[in-house]
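Colleague: Now for the letters of each chain:
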Amino acid sequence: MALPTPTPNPALTQVPAGYKYGWHDSEMKPLHVMKKGLNAAVVEEISRIKGEPQWMTDNRLKAYRHFEARPMPAWGGDMSEIDFQDIYYYVTATDKAVQSWDDVPDYIRRTYDRLGIPEAEKKYLAGVGGQYDSEVVYHNIRADLEKLGVIFVGTDEALIKYPEMFKQYFGTVIPANDNKLAALNTAVWSGGSFIYVPPGVHVELPLQAYFRINTENMGQFERTLIIADEGSSVHYVEGCTAPSYTTASLHSAVVEIIVKKGARVRYTTIQNWSHNVYNLVTKRAVAYEDSVMEWVDGNLGSHLTMKYPSIYLLGERAHGEVLSIAFAGSGQHQDAGGKVIHAAPNTTSLITSKSISMGTGRTSYRGLIKVYPGSKRSKSTVRCDALILSDEARSDTYPYMEIDEEDVTIGHEATVSKVGSEQLFYLMSRGLTESEAAAMIVNGFIEPIVKELPMEYAVEMNRLIQLQMEGAVG
Amino acid sequence: MTTGAQTATPVRLSPAAFDPSAIAALSSARGEPDWLHAERLTRAERYQATPWPTGSEEEWRRTSLAGLPIYAPLDEKATTEVSGLDPDAAARGVVFAPLAEALAGHPDLVRPYLTDATPGPATHATFWELARAAWTTGTFLYVPPRVTVELVLRARTVQSRADAAAFPVTLVVAGEDSQVTLLEEFASPDGGAGWFGGTVDVRAERGSRVRYASLQLLGDGAWRVSAQRVVVGADAQVTTLNAEIGSRVTKLGVEVLMAGKGGTSKLLGVLAAGDDQKIDINSIQDLLASHTTSDLLYLSALYDQAHSAFYGLTRVRPEAKQTSSYQECRNLLLSPKAGAEPIPVLEIETNDILRCGHGATAGAIDPIQMFYAQTRGLTAVEAERMIVRGFFERAVADIGSEPIRARVLAALAARIGQEAA
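Here the protein sequences line up with chains A and B, keeping their order. Using the working numbering, the first residue of the first sequence is number 201, and each one after it goes up by one. Using the working numbering, the first residue of the second sequence is number 87, and each one after it goes up by one.
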């Protein structure tokens, strides 16, 4: 995270009024920053610095041409202010962590304190620590994983250390030409996690990106690849509930997941980027016979997020779930959801979306259920609930369905509601303040999703909602 | 009007080849007054100035107009017949007639509604203008304030040949606190590729109660590219039913404007499609005023390779407080090759809502229902018919008019089969 941009584009880094967590340091002097902007030479230079094999260089260049040729998406959020030539596409690790903890504003420190975040982690989250110093924990986990044959390394490292496996899977789920922003990521990717779980291995503890020290894992264009071999299981956790600060205005990640026969993968994301960030992410999993893929996707931060974790159910009896939660305050637009493509018989899926908009915030659920002919006895349920907390907030629901098979059960339901004055009155008559009462109602609303989070995340999420709700009502 | 004149100046309808002088010739041949002549030419200009859908618009992504017979000649012999108006209602000022007849008899009454320049539904704006330029038939209904028409009024518009183009214009105006029920049928012969571009414009003034049912029985080669606009005034109650049975391709755009405080609309649809029929409906329930209620229920039964698409948008504007709205779209897939794309969209711009939601389903008949019906002695075919009929009954009964319910069910039987004895 925290890619320093000494002269950020004012249009993009302008922190929306009311944003409490952001700051930037104009005094920062990075050491070896590439020039702003993107062209084929920059793409080649990134590949050269990383010492990559020729096929990856070629792949990056091919992706760059796709990026150039593609128009910006005309749907979703407002992306008109993104200037691709005003962005740094590569910053080396030594250039990072040059900010000082003293520069971190009081209010963001207070937020960390109130969330109960440990000292070392605070610095990491604030971008002032180059690494999250949890070495003891990390080394124990690493030793256990190695015994099991699990690979859990940075994606750059994986390309060098496991070249054949890397080449076999990279770009197979999300090809370079999938969409403009995936093409951009493929051209300039750096960082991210590479995970391989051998057949029959169950990774008991959730793997968390910030346990993997010395590697950029919440970068601007990270690339994550997870392969769960037959009968294995793993839970990967990305991001954190606490606000994460970056001066980079564009975050465009690609996550590819392969869930082989009988395997199970859960991928949990909680993003709380500072409110200057365009968070445009492509996440997709392919799930084979008898496998289970679950996305738990929480969107709290950013200026605009467009993210629709997808699951291609390619084998019989594969099951996919997307749990999506979005929270949009003033100046924010969370355009999130999920997609499930049923391409085999007896496949099942469940999408649950809970969104909350307050202030002038806007949440949009955007999703797709597609059933190909021959996917007999497929079942899918999509359930969207939206809570609107202020008069100026907005909520949209765009649930696409394409059903080309008769023998299926497909359903979608959505409700939109506001926190009722009667509910508030009741809780306040029991001695709660208005904001406490509203926070309690909101916590109840998102409970089905929070309970799916690892415990420390759930605790933080509830506290964070409480913080966000202060002053939201009345 | 002679067929000779038609051959001499064919009205080329495609935007590229469109010739406004043919519209002028059409008006002259019909002996229309100057204002109407000018109106048609104005509309022709607006038609040319309004772009066709490109196919990239959200509402046009699922149906291509590539096969639309744009060179079909204008059907100048299409007819509209009306019935059901009792003399008492006529005496109280109700005007119900084919459009041309109403124009001849009540030009001052018809003129403001026919020349109203409010654009049609945004998705079909160009076709709305084309219909106002090139109509040769249509229906006009005007109910004065505080007049109640008890009996169901009926209109039937029929194309004279399958391979022609017709753009009937329906105008329904219900004055304040009036009540009226209209069943309108549209038909054309089987066997040729025709273009049906009828438009329907319903205005329900303050406190009125309107039931409008449209029964579409076009021929098996017809392309229906049609639009409906319903404006619901304060405290008015409007129920519409669209029964889509015929045509090869239907692309219907429905716009319901909840324009007055306290208005209520109920939008019902039944679609029974087979063969390679494609029925694509886009709707918008635009909640502009406070305390409005708008509920939509569209049901489709799809046989053979038929395909339905429904893109319905509920938009709740910031100033529309205390509204209630719901969209429900259900699809029964009765063949392995049938398909459905139900897409109910919400855009809510205020938090002060009473209720807003939607539901969509697609799937085969519940096998437990089939099993149960068969244990009661029905064959599989009979059981399916009974279940499909029951499925439609919910919407058809909700129109609240027994003659309409009976007529629509009888028409649906052509697709779903007769009821088991």
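Derived from the structure by calculation, the hints contain no laboratory data. Please note that a few of the clues may not be correct.
[Stated by the list, open to error] No more than 30 Å apart at the CA atoms, straight line, and that leaves these computed lysine-lysine pairs for DSSO-like:
#	chain 1	residue 1	chain 2	residue 2
1	A	K576	B	K347
2	B	K423	A	K570
3	A	K461	B	K423
4	B	K423	A	K579
Colleague: Are the hints correct? Go through all of them and say.
Modeller: Hints, one by one, checked against the model:
| no. | hint | verdict |
| --- | --- | --- |
| 1 | A:K576 / B:K347 | 47 Å, violated |
| 2 | B:K423 / A:K570 | 15 Å, holds |
| 3 | A:K461 / B:K423 | 29 Å, holds |
| 4 | B:K423 / A:K579 | 17 Å, holds |
This entry does not satisfy hint 1, going by the numbered hints stated previously; all others are met.
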